[in-house]
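Let the hints inform the model, and build the full structure from the sequences given.
Protein chains in written order, with our numbering: chain A, 20 to 232; chain B, 21 to 321.
Derived from the structure by calculation, the hints contain no laboratory data. Cβ coordinates follow ideal geometry from the N, Cα and C atoms, glycine included. Wrong hints could be hidden among the right ones.
Not everything, but these chain A residues come out facing chain B in the computed CB check (under 10 Å) [unchecked claim]:
id: 1; residue: T66
id: 2; residue: F77
id: 3; residue: P173
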Amino acid sequence: MEILKKIAQCLEVGDDAGVPPLVRQALAEGIVAKTILDDGLIAGMNTVGEKFRVHEIFLPDVLLAAKAMYAGMDVLKPLLLSAGVSSRGRVVIGSVQGDLHDIGKNLVGIMLKGAGFEVIDLGNDVAAEKFVAAAKSHDACVIGMSALLTTTMPVMKEVVDLLNKENLSGKIKTIIGGAPVSQNYAGEIGADAYGYDCAQAVAGVKKLAAAVP
Amino acid sequence: MEAITSRIGRGQVLLADGAIGSLLMARGLPRGAPPEGVNLEHPEILEEIARLYLEAGAEIIQTNTFGASPLKLANYGLGEQAGAINESAVRAVRRAVGERAYVSASCGPSGRILQPYGDMEAEKMFASFQLQMQALIQAGADIICVETMSDISEAQLAIQAARSVSPSIPVMATMTFEATARGFFTIMGVTIEKASSELQKAGADLIGSNCGNGSLQMVAIAKEFRKFTVLPLLIQANAGVPELRAGQVYYPETPEYMAEMCRELIGAGVAVIGGCCGTTPEHTRAMRKVVDEKKKNSRGS
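The structure is reproduced here in structure tokens:
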């Protein structure tokens, strides 16, 4: 399906004006919305994520690609909703208390949406209690936490501890990321996964979501 | 006091201070509160921290204004108080150091992304930096330090904002780089080569790097800068990559290690050396000895 490839390529170069007409054309050709999403938009975003991971491209390219993806999603959204396409699950994300560094977190949010998750973004300065309360009320399967300041890292442990205390640790999984945290740190505080970068974070969430009963 | 640029011109190496945030937290700044809130509420804490670094041997003391641009402060509903917050920070350091050290006014990123990648207009960002610079310079800062930048356009706007307020005030500018298989880049894709030319073009007097890396990487970054610029260099490394030990954040680089690396940085031709995240007055003290040794040696020769 040539048109889906075109959509992916258009997204990869960040052409947000180019994507919607191509999406409409694909629909006119009789391709269902879910296929356009998966094999056009998400496929393109995955390529972008991978190139970003290996530093072939940088944040500006990813931000433009995300704009292009949203432009395409706007066309597909009503169709996906009416077709009752179920999401991969809900993910609550946020920067931990005290942080205002939200670029990494926003990027993960964009990529998760691209990967078919429903994303509840709590923004910055999110306290442990708020993460857990939002995950419960939205019936989320994963909490994703980002920190860019070392001083705020301990909040991640508070979330893990709180989930344990409320007996939710099997039902709501945790993944952490951000410059000062590491796989070791994830292990130390008992988080379920660590995402070194956006692509790893999305891969991690996919794995965790699949493991939640 | 002799102008900082003239001392650097004579080949002197100057020592800048270390981290502020962790010291603020040790003095009761609650997690989640904006670090710049202290500037109005407890300027005496800023004086105390400045004195600690002065006594440890720093000749350049930074103000607690990293996140004090109106755009950034707006996140905390403090945007309207930006002028007072910046002025208070400069005055506090001046009270502590008098003429014994240079007051370096810190200016970090706005936290917003410029169009077309984000939603921020360049004019608005410039106006925000200009207001901050106006307050910093009016309050008597000796030098401006635009730091931790990853977007070259944002860094340029901040430098130009300082220049628009004072054509003569020395301006230092640093960006934060990440080591990749293809060399050093900021997260926005800026290379050291590009940073060198663009920061100079915008009007910076000293350029270099801070944060994001421990000392060893910083030596490599300094050498890379040296390839592309004749401007004096400024390096402020983190005390390594933080680890968590027994629930406490721990920076692995000891004062002794950073002092050793300070020697390397001097060897690489760096003019201003200081510390970023995780560094303490103890680090400054250890680095002071190395800088003094260098002084002695160059006098002897």
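Supplied contact hint for A/P173, tested at 10 Å Cβ to chain B: holds (7 Å)
Holds or violated: the hint that A/T66 contacts chain B, with Cβ atoms closer than 10 Å. violated (17 Å)
Is the shortest C-beta separation between A/F77 and chain B less than 10 Å? holds (3 Å)
Figure legend: structure checked against the earlier numbered hints; the only hint not met is number 1.
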